[in-house]
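Order-wise, the sequence lines are chains A and B.
Going letter by letter, the first sequence gives residues 142 to 321 in this note's numbering.
Going letter by letter, the second sequence gives residues 103 to 188 in this note's numbering.
These aren't lab readings, by the way, just hints derived from the structure by calculation.
Remember, predicted model here, so these are calculated numbers, not experimental data.
Glycine included, each C-beta is placed from N, C-alpha and C at the ideal position.
Heads up, none of these hints are tricks.
Listed next, with one range per pair, are the computed distances between beta-carbon atoms:
id, chain 1, residue 1, chain 2, residue 2, range
1, B, PHE121, A, ALA211, 17 to 25 Å
2, A, SER194, B, PHE156, 44 to 52 Å
3, B, PHE121, A, LYS307, 35 to 43 Å
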Amino acid sequence: MTFEEIYHEHKNLVFNLCLQYVQNTEDAEEITQDVFVKIYESIDTFQQAARLSTWVYRITINKSLDFLKAKKRKKRFAFFTSLFHDNNEVRHEHPYFEHPGVTLEHKEKLQHIFTQINKLPANQKTAIILSKIEQKSQGEIAEIMQISVKATESLIQRAKKSLLAKLNPSEGNNENSRLM
Amino acid sequence: MNKELEILNTINMVDAPPFLYTRIEQKIRNRKTELITPKLTYIISACVVLLIAFNTFSVYNAYRQTKPKTDLTKSMNLIQDNYLYK
Chain A
142 MTFEEIYHEH
152 KNLVFNLCLQ
162 YVQNTEDAEE
172 ITQDVFVKIY
182 ESIDTFQQAA
192 RLSTWVYRIT
202 INKSLDFLKA
212 KKRKKRFAFF
222 TSLFHDNNEV
232 RHEHPYFEHP
242 GVTLEHKEKL
252 QHIFTQINKL
262 PANQKTAIIL
272 SKIEQKSQGE
282 IAEIMQISVK
292 ATESLIQRAK
302 KSLLAKLNPS
312 EGNNENSRLM
Chain B
103 MNKELEILNT
113 INMVDAPPFL
123 YTRIEQKIRN
133 RKTELITPKL
143 TYIISACVVL
153 LIAFNTFSVY
163 NAYRQTKPKT
173 DLTKSMNLIQ
183 DNYLYK
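Chain A with its partners taken away, still in its complex shape:
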């Protein structure tokens, strides 16, 4: 399979997965480009042990998480730099929610849910995105994340529990008291 064929077969998969991580087209495009450059550079090292799509998923997830880490680092160091230019323009970008796959009627609710998903640890976030949005089975998620099926199940459960606590704080408290 040539690189161009790989690109055309997987471009939508990669772009949409990046969108789930960053929720805006601009950043998703940047990550998608980096993913395919990485694929181009590493295609010779691709061992046929896993399916090509699984390998592409892994690269996309790693690049997306790296992008988010780099963005967070930039924000942390912004403390040491002036927030404004001399003419008082805001220098640093603020995160924005412009997911093209989200309809207007669901935008507000999904923005709120994604805000909470973004606060999850990286592996829980990945598990929830692959499970709930990409509609992957636990077996497929385990293969992509290179963990056991049990570990995948546990990750998804913990992610759901954290989200429940954040989305419905009062219900979360009730459930905790019932468990006790």
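Starting from the known structure of chain A, arrange chain B on it as the hints suggest.
Just chain B now, kept in the frame of chain A:
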């Protein structure tokens, strides 16, 4: 809980922008013509660090070797310089 997250099923798949392939090709071309690659930067930095470490070690070693000689001359009240007449 699942009801809350069911709304995630309403997210639609979108098509990747058509111009992306051109940009990817450009990035690949730029990488190929890049003189200073990240790998080269790391190698040079490692060499510089090793060089500084070696120099520091050499200077410290040389200092340690001369220190006992000067201590000895001081303790025996010997003149440490070459001036015969003061």
